[in-house]
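Enquirer: Chain residues, written in single-letter form:
There are 2 protein chains.
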Amino acid sequence: MSVTAAKGFTAAGIAAGIKENGNPDLALVVNNGPRRAAAGVFTSNRVKAAPVLWSEQVLASGQVSAVVLNSGGANACTGPKGFQDTHATAEKVAEVLGRGAIEVAVCSTGLIGVTLPMDKVLAGVETAAASLSEHGGEKAAIAIKTTDTVHKTSVVTGAGWTVGGMAKGAGMLAPGLATMLVVLTTDADLESEALDKALRAATRVTFDRVDSDGCMSTNDTVLLLASGSSGVVPDYDDFAEAVRRVCDDLGRQLIGDAEGASKEIKVEVVNAATEEDAVEVGRSIARNNLLKCAIHGEDPNWGRVLSAIGTTRAAFEPDRLNVAINGVWVCRNGSVGEDRDLVDMRYREVHIVADLAAGTETATIWTNDLTADYVHENSAYSS
Amino acid sequence: MSVTAAKGFTAAGIAAGIKENGNPDLALVVNNGPRRAAAGVFTSNRVKAAPVLWSEQVLASGQVSAVVLNSGGANACTGPKGFQDTHATAEKVAEVLGRGAIEVAVCSTGLIGVTLPMDKVLAGVETAAASLSEHGGEKAAIAIKTTDTVHKTSVVTGAGWTVGGMAKGAGMLAPGLATMLVVLTTDADLESEALDKALRAATRVTFDRVDSDGCMSTNDTVLLLASGSSGVVPDYDDFAEAVRRVCDDLGRQLIGDAEGASKEIKVEVVNAATEEDAVEVGRSIARNNLLKCAIHGEDPNWGRVLSAIGTTRAAFEPDRLNVAINGVWVCRNGSVGEDRDLVDMRYREVHIVADLAAGTETATIWTNDLTADYVHENSAYSS
Chain B
1 MSVTAAKGFT
11 AAGIAAGIKE
21 NGNPDLALVV
31 NNGPRRAAAG
41 VFTSNRVKAA
51 PVLWSEQVLA
61 SGQVSAVVLN
71 SGGANACTGP
81 KGFQDTHATA
91 EKVAEVLGRG
101 AIEVAVCSTG
111 LIGVTLPMDK
121 VLAGVETAAA
131 SLSEHGGEKA
141 AIAIKTTDTV
151 HKTSVVTGAG
161 WTVGGMAKGA
171 GMLAPGLATM
181 LVVLTTDADL
191 ESEALDKALR
201 AATRVTFDRV
211 DSDGCMSTND
221 TVLLLASGSS
231 GVVPDYDDFA
241 EAVRRVCDDL
251 GRQLIGDAEG
261 ASKEIKVEVV
271 NAATEEDAVE
281 VGRSIARNNL
291 LKCAIHGEDP
301 NWGRVLSAIG
311 TTRAAFEPDR
321 LNVAINGVWV
331 CRNGSVGEDR
341 DLVDMRYREV
351 HIVADLAAGT
361 ETATIWTNDL
371 TADYVHENSA
381 YSS
Chain D
1 MSVTAAKGFT
11 AAGIAAGIKE
21 NGNPDLALVV
31 NNGPRRAAAG
41 VFTSNRVKAA
51 PVLWSEQVLA
61 SGQVSAVVLN
71 SGGANACTGP
81 KGFQDTHATA
91 EKVAEVLGRG
101 AIEVAVCSTG
111 LIGVTLPMDK
121 VLAGVETAAA
131 SLSEHGGEKA
141 AIAIKTTDTV
151 HKTSVVTGAG
161 WTVGGMAKGA
171 GMLAPGLATM
181 LVVLTTDADL
191 ESEALDKALR
201 AATRVTFDRV
211 DSDGCMSTND
221 TVLLLASGSS
231 GVVPDYDDFA
241 EAVRRVCDDL
251 GRQLIGDAEG
261 ASKEIKVEVV
271 NAATEEDAVE
281 VGRSIARNNL
291 LKCAIHGEDP
301 NWGRVLSAIG
311 TTRAAFEPDR
321 LNVAINGVWV
331 CRNGSVGEDR
341 DLVDMRYREV
351 HIVADLAAGT
361 ETATIWTNDL
371 TADYVHENSA
381 YSS
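These protein sequence lines map, in sequence, to chains B and D.
With the first letter of the first sequence counted as 1, position 214 gets the number 214 in the numbering used here; the numbers rise by one all the way through.
With the first letter of the second sequence counted as 1, position 22 gets the number 22 in the numbering used here; the numbers rise by one all the way through.
The set of hints was computed from the structure by calculation and includes no laboratory data.
No incorrect hints appear here.
It does not matter which identical chain is meant; a pair holds if it fits inside one copy or across any two.
Here are the simulated SDA-like cross-link-like pairs (lysine to any residue), alpha carbons at most 20 angstroms apart as the crow flies:
(1) Lys81 - Arg332
(2) Lys81 - Asn333
(3) Lys81 - Ser335
(4) Lys197 - Gln63
(5) Lys266 - Val343
(6) Lys19 - Glu126
(7) Lys81 - Arg340
(8) Lys81 - Asp339
Construct all of the structure, not just a fragment, from the sequences and the given hints.
Expert: Here you go:
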């Protein structure tokens, strides 16, 4: 279903030959209107890939006719040539679709510091345009995979309108977005301002709280395109909630497929003085390599949770901290709590609750364990 | 030589039975004067172990007669009982040495959240006191090991005076000090104010710039004790430089023996606008798991260096960044530079230079690669 679940969109995914192994590597998503409203959120990394710099300009107008995405190369840290390549790709899409290049967003993912084989990219755009289909969403989702083992799609339906989407992301997942490319589509009849508001509200509590390995990408992009073809103007809150649900679902799929992971860890910070405190503490716990190793070893090592909390500026008193792992309060008042042998760690999902006893705010960060497979996959990625 | 290289000190290291495997686990370092001047630097983690809370009080007076250190248990997150145990240990040392307990610093290292077997600790103090020797420095250094594969000592000699020291530390190494216990001794004739100034200046550019795994400990302690028994008042700058050299040497030994590491990585940030910028960028690079995996795989993946720089607030322009790996400028002006195949990564030491092209300041952070061995060691540590 993916990006073609909503009416008014066609998509394609093809093998353009950018990846040496011949796997699909180029996707095209086209908004056939009547609207072309769009919103986008981009990486907060200050080293931004050429397609991010380009697409930020495209989104400034709030209008997007098409998105072209490639895997097999991030086109990041590629200098003026890299930007020219992105521009040329947009121009090619504009040409074959009969639209303006400034309405064509570009996304790339793969290795940093490698220029794209432009002959293959441009020929691939023609092939993709020729195979655009109202059923092309799955193929598009497959074509943007890098080290993803599965493609990721999600759909939520409202009262006469639909939000659908696809995502890729497996490593370099961290707040401020996370080597992820996400395209969401809807046939709801909305202006770009409403899309922007809903998208920012959704990403703030979903993709921005996914932190697989603490590494922030140069290419992260989340786009939301509206065709208006349902003819239905949705209730804003209903629509925003649908966007949040799709983002939440895709974010969870990213964590579920993170490189080398054997555990999905839900870090829930409760009773914080502020939401910012809760997020800071959650991220600190989620990024603690020693804890991530312990979870991999099915060791409910709450001492590593406390040592991570202790590095933050959040409001708390050390002797009032409580920590539960999978429902067992192994740490009470900053000290030994219930018997750690009661903690059942056999399952893939692990739930850590950190109680700061300092207020009423809460936040949840999703992360993974740290495994030898992660090390192997990321020591060999570019060689 | 270790802590007994300087005159006026005796030390011992014995097996008190705190560690179940029977390895040495209790060390005692005694300052026999005539001076008892001392300075200390402690973890900046807000969750502090009981011995840190105690020793901070001891150091407030600037006087330390003895230091008792145990491995086999960190006595962290152990509540009021943990603090009572630390206090009782200091009282026992004071009793057997005929000193005041408030002049006895206590250091502990090992698992968080486990109380110490106090009968063994107290009996061990008696055994250690009975075996104090002017040649006991090596045994003391051995007794504080946890997952360290080797014990760490260093000595620098000045004009009529000596600075010696011992360190333990293998994992949980990060700025703000780093699961490390360090005791430095000198026979120079100095007041605690001079010791404090020299120690803080030294740790700021040595231990605080060692970042093995980004995890900050609850127990880090660095102590400097002066006996004055050489009768020599050293030139302050000479003395401070000697302290810095001993700290630098011990810090390098910590990185050299970090858990599971196969590479030692020197991250040198140059041409930064401020020293703070240089340190922030260096730490960001040193903590990037993806880069640390790449270095493990002998992959000169400069894109991951740039993506790490991009997450900082330091002054720089993305298109002016340069990166050298082992002398090869693989990134020039934020883009592809010299051929990455020219980089020779076969050796244990890897040297990354990040040129921010934004000023004249510099800083060096030492770290390690991230390996499957690190994961294995830390998934199994407490089980």
